[in-house]
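Q: Next come the chains, spelled out residue by residue.
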Amino acid sequence: MDFISILSIFVLACFVGYYVVWSVTPALHTPLMAVTNAISSVIIVGALIAAAAADVPGAKWLGLLGIVLASVNIFGGFAVTARMLAMYKKKEKK
Amino acid sequence: MGSLFSTSVTPAQAGVQMTSVFRALTRSWIPAFAGTTVFGYTAPAHAATGEAVNPWVALAYLVSGVFFILALRGLSSPSTSRTGNRFGMAGMLIAVATTLVTHDIANIVEIAIAIAIGGLIGFLIARRIAMTAMPELVAAFHSLVGLAAVLVGWAAYLNPGAFGLLVGDSIGAVSKVEMGLGIAIGAITFSGSVIAFAKLSGRMSGSPILLPARHVINLGTLAAIIVLTALFAMASGHEETMPLIIALTVLAFVIGFLLIIPIGGADMPVVVSMLNSYSGWAAAAMGFTLGNTAMIITGALVGSSGAILSYIMCRAMNRSFLSVIAGGFGADDSAGGGEAKEQRPYKQGSADDAAFMLEQADKVIIIPGYGMAVAQAQHALREMTDLLEEKGVEVKFAIHPVAGRMPGHMNVLLAEASVDYDKVFELEDINSEFAQADVAFIIGANDVVNPAAKTDKSSPIYGMPVFDVDKAKQVFFIKRSMGGVGYAGVDNDVFYMDQTMMLLSDAKKMVEEIVKALD
Chain A
98 MDFISILSIF VLACFVGYYV VWSVTPALHT PLMAVTNAIS SVIIVGALIA AAAADVPGAK
158 WLGLLGIVLA SVNIFGGFAV TARMLAMYKK KEKK
Chain B
12 MGSLFSTSVT PAQAGVQMTS VFRALTRSWI PAFAGTTVFG YTAPAHAATG EAVNPWVALA
72 YLVSGVFFIL ALRGLSSPST SRTGNRFGMA GMLIAVATTL VTHDIANIVE IAIAIAIGGL
132 IGFLIARRIA MTAMPELVAA FHSLVGLAAV LVGWAAYLNP GAFGLLVGDS IGAVSKVEMG
192 LGIAIGAITF SGSVIAFAKL SGRMSGSPIL LPARHVINLG TLAAIIVLTA LFAMASGHEE
252 TMPLIIALTV LAFVIGFLLI IPIGGADMPV VVSMLNSYSG WAAAAMGFTL GNTAMIITGA
312 LVGSSGAILS YIMCRAMNRS FLSVIAGGFG ADDSAGGGEA KEQRPYKQGS ADDAAFMLEQ
372 ADKVIIIPGY GMAVAQAQHA LREMTDLLEE KGVEVKFAIH PVAGRMPGHM NVLLAEASVD
432 YDKVFELEDI NSEFAQADVA FIIGANDVVN PAAKTDKSSP IYGMPVFDVD KAKQVFFIKR
492 SMGGVGYAGV DNDVFYMDQT MMLLSDAKKM VEEIVKALD
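From first to last, the protein sequence lines are chains A and B.
Mapping the first sequence onto our numbering, position 33 (from 1) lands on 130, and the numbers just tick up by one.
Mapping the second sequence onto our numbering, position 222 (from 1) lands on 233, and the numbers just tick up by one.
These are calculated hints, taken from the structure and not from any lab test.
Some clues are possibly wrong.
[Stated by the list, open to error] A partial selection of chain A residues facing chain B, derived with a Cβ cut-off under 8 Å:
1. I101
2. S120
3. T122
4. L125
5. S137
6. I141
7. G143
8. A148
9. G160
10. A179
[Claimed, not checked] Covered stretches of chain A, as calculated for chain B (at least 3 residues, CB under 8 Å):
11. 126 to 136
12. 165 to 176
[Claimed, not checked] Label-pair restraints from in silico Cβ distances:
13. A/V108 with B/K402: 49 to 59 Å
14. B/A108 with A/F100: 26 to 36 Å
15. A/V108 with B/D115: 57 to 67 Å
16. A/V108 with B/A117: 32 to 42 Å
17. A/D152 with B/T232: 33 to 43 Å
18. A/W158 with B/T94: 35 to 45 Å
19. A/W158 with B/S181: 19 to 29 Å
20. A/K186 with B/S181: 32 to 42 Å
21. B/G248 with A/K186: 55 to 65 Å
22. A/D152 with B/R139: 33 to 43 Å
23. A/V108 with B/G248: 27 to 37 Å
24. A/F100 with B/R326: 27 to 37 Å
25. A/D152 with B/A123: 32 to 42 Å
26. B/L333 with A/V108: 42 to 52 Å
Quantities reported herein were computed from a predicted structural model and do not represent experimental measurements.
Even for Gly, the Cβ is constructed at its ideal location relative to N, Cα and C.
With the rest of the complex left out, here is chain A:
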């Protein structure tokens, strides 16, 4: 993909992000940080590409280490978000 198409996606995504995040209720700002943390670990894609290729051992090991770190974040991030959100359930009135 050429640079300009990528840049267009990036700029539009910034606008989308701007409007979506302003609509997040302040009560959920902590889960917002936890979930953004989890999704920014999509960087694992890069680590996977590096780890999948066998030709340069140095790059492969960096990739594998990257996978471990990103996985901690993905599983940890989504799990802790789910745990927090479960607490925001509406309580039944006694």
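Following the hints, complete the assembly by docking chain B onto the known chain A.
A: Quick look at chain B alone, frame taken from chain A:
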């Protein structure tokens, strides 16, 4: 497209607007993708292995990106938030699966083991972490994203062929700029988050560490990083580029460290949000390098999310982002607080007094702060709320945007203690109600109720929006002792008001005693 963004949008309207943005996005981008992926997308990784370039791959990453947007969108209300989180997981699964399916994998077992190790650690941490420790957990997670970005950047540098970055037999200059920026932002995120983690978890003093000429050092280092990135982009061959990228990485680690050490504990909400933003930009930079839509969309989302949160936090303290970043706030805690203070009379009460007054009240507003988190008093506080409600007292919670150590910190703690979120209000929604409240119950908060922010122009917190607790008929102020001042290092007139009763004790112990007295 232009008309979509030219109309001004309030957060409430954003939902309606969003769907049309989505539609416009998908409508105009899908054909573009199909076109570029077929004709313009030259990924040597695929070409080398003889695999056909597939437009569905680009589409899959786009879908994953859209799912991430939906994940954040779900957080607009607690009832849709859990669905949103599932969208996020699905998006991640799509991204990972697509990558694995479309690349020749030398050894899937190694990758599976790496994911299993990381996943297990992450899952266990997420299950065990106490809700009060959430700020340091988030900081720790940010550092991992940052480090992962550095590793991916380095891996791309060492094996550009696998990432499809080769132009002829060397890495393209544009790719090198993106790579350099990705590594630099990642490294800053990493070392900055490590310091933030150390400060938040108490492994390091929360007070600012001020180096002489720190602004000169910081700006110089930043300039050096930019120059190195440019040199790195222009250099060719491993012998020339290697020292440059090593220097770049090291300097970026150093600047991340230098940027955060002068920032004090009370400014941590801004720092955590800012690092959140950086981790997004790091992912976006890597997305540019790899030409991966999922990474770019996510990076942009996370980047703007963190930036908006930092802005909200700064606004709630009436401070400019630059002054927070420059650091040093709260450095003169002991000096400033000690000299100006005269001994003024205050009233001290007991748990029994408080319980009696609370029972008689019609309306009670509770203002929690970081002290509540430290004392873990949220569960006792909920018991007190339940007892008061049984006696027909209306209880509401008022939360200041900067209460605690990260955005929304207090809300999570109250939710953990099963306080109904309908009873929890933001500053601007509840501030007018203090005039009708019988009791304002302040637990572990200080600066956010200080009237000096409204009246005293010389005060360091002047202009910060605060709760009008002085309008309530009766104020209870739970505080460990009269000695300490808030993080801003200013005395608080609320202590000495006629209607204020100081409850000097550990927050949890005091609330438990009140609960006992109410029974």
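Q: Does each hint fit the structure? Answer for all of them.
A: Now the hints, each set against the structure:
1. Given the 8 Å rule on beta carbons, the hint for A/I101 is violated: about 10 Å separates it from the nearest Cβ of chain B.
2. Interface hint status for A/S120: upheld, as the beta-carbon distance to the closest one in chain B is roughly 5 Å, under 8 Å.
3. For the restraint placing A/T122 at the interface with chain B, the shortest Cβ-Cβ distance is roughly 6 Å, inside the 8 Å limit, so the hint holds.
4. Hint on A/L125 holds. Least Cβ distance to chain B is approximately 5 Å, under the 8 Å limit.
5. Interface hint status for A/S137: upheld, as the beta-carbon distance to the closest one in chain B is roughly 4 Å, under 8 Å.
6. Residue-level restraint check for A/I141 holds (minimum Cβ-Cβ distance to chain B is 6 Å; threshold 8 Å).
7. Taken as an interface hint, A/G143 checks out: its beta carbon lies about 4 Å from the nearest beta carbon of chain B, inside 8 Å.
8. A hinted interface residue such as A/A148 counts as satisfied when its beta carbon comes closer than 8 Å to some beta carbon of chain B; here the least separation is about 5 Å, so the hint holds.
9. Restraint check, A/G160 versus chain B: the minimum CB separation of about 5 Å is within 8 Å; hint holds.
10. Against a cut-off of 8 Å between C-beta atoms, the interface hint on A/A179 holds, since the closest Cβ of chain B lies about 6 Å away.
11. Counting residues of the stretch 126 to 136 of chain A whose beta carbon lies closer than 8 Å to any beta carbon of chain B gives 11, which meets the minimum of three for the stated coverage.
12. Against chain B, the stretch 165 to 176 of chain A contributes 12 residues with a C-beta closer than 8 Å to a partner C-beta. That satisfies the three-residue criterion, and the hint holds.
13. The supplied range of 49 to 59 Å is met by A/V108 and B/K402, whose beta-carbon atoms lie about 57 Å from each other.
14. The hinted range of 26 to 36 Å is satisfied by B/A108 and A/F100, whose Cβ atoms lie roughly 27 Å apart.
15. For the pair A/V108 and B/D115, the beta carbons lie near 33 Å from each other, so the given range of 57 to 67 Å is not met.
16. Look at A/V108 against B/A117: about 36 Å separates their beta carbons, and that is inside 32 to 42 Å.
17. A C-beta distance of roughly 35 Å is found between A/D152 and B/T232, which places it inside the suggested range of 33 to 43 Å.
18. In this structure the supplied range 35 to 45 Å holds for A/W158 paired with B/T94, their Cβ-Cβ distance being about 38 Å.
19. At about 23 Å, the CB distance of A/W158 to B/S181 agrees with the hint of 19 to 29 Å.
20. The hinted range of 32 to 42 Å is not satisfied by A/K186 and B/S181, whose Cβ atoms lie roughly 56 Å apart.
21. The supplied range of 55 to 65 Å is met by B/G248 and A/K186, whose beta-carbon atoms lie about 60 Å from each other.
22. Taken as a hint, the range 33 to 43 Å holds for the pair A/D152 and B/R139, whose Cβ atoms sit roughly 40 Å apart.
23. Judged by the Cβ atoms, the range 27 to 37 Å given for A/V108 and B/G248 holds: they are separated by roughly 34 Å.
24. At roughly 35 Å, the beta carbons of A/F100 and B/R326 sit within the given window of 27 to 37 Å.
25. Between A/D152 and B/A123, the C-beta spacing of about 20 Å breaks the proposed range 32 to 42 Å.
26. Between B/L333 and A/V108 the CB atoms are about 24 Å apart, so this pair departs from the stated range of 42 to 52 Å.
In terms of the numbered hints stated before, the structure departs from hints 1, 15, 20, 25 and 26, listed from lowest to highest.
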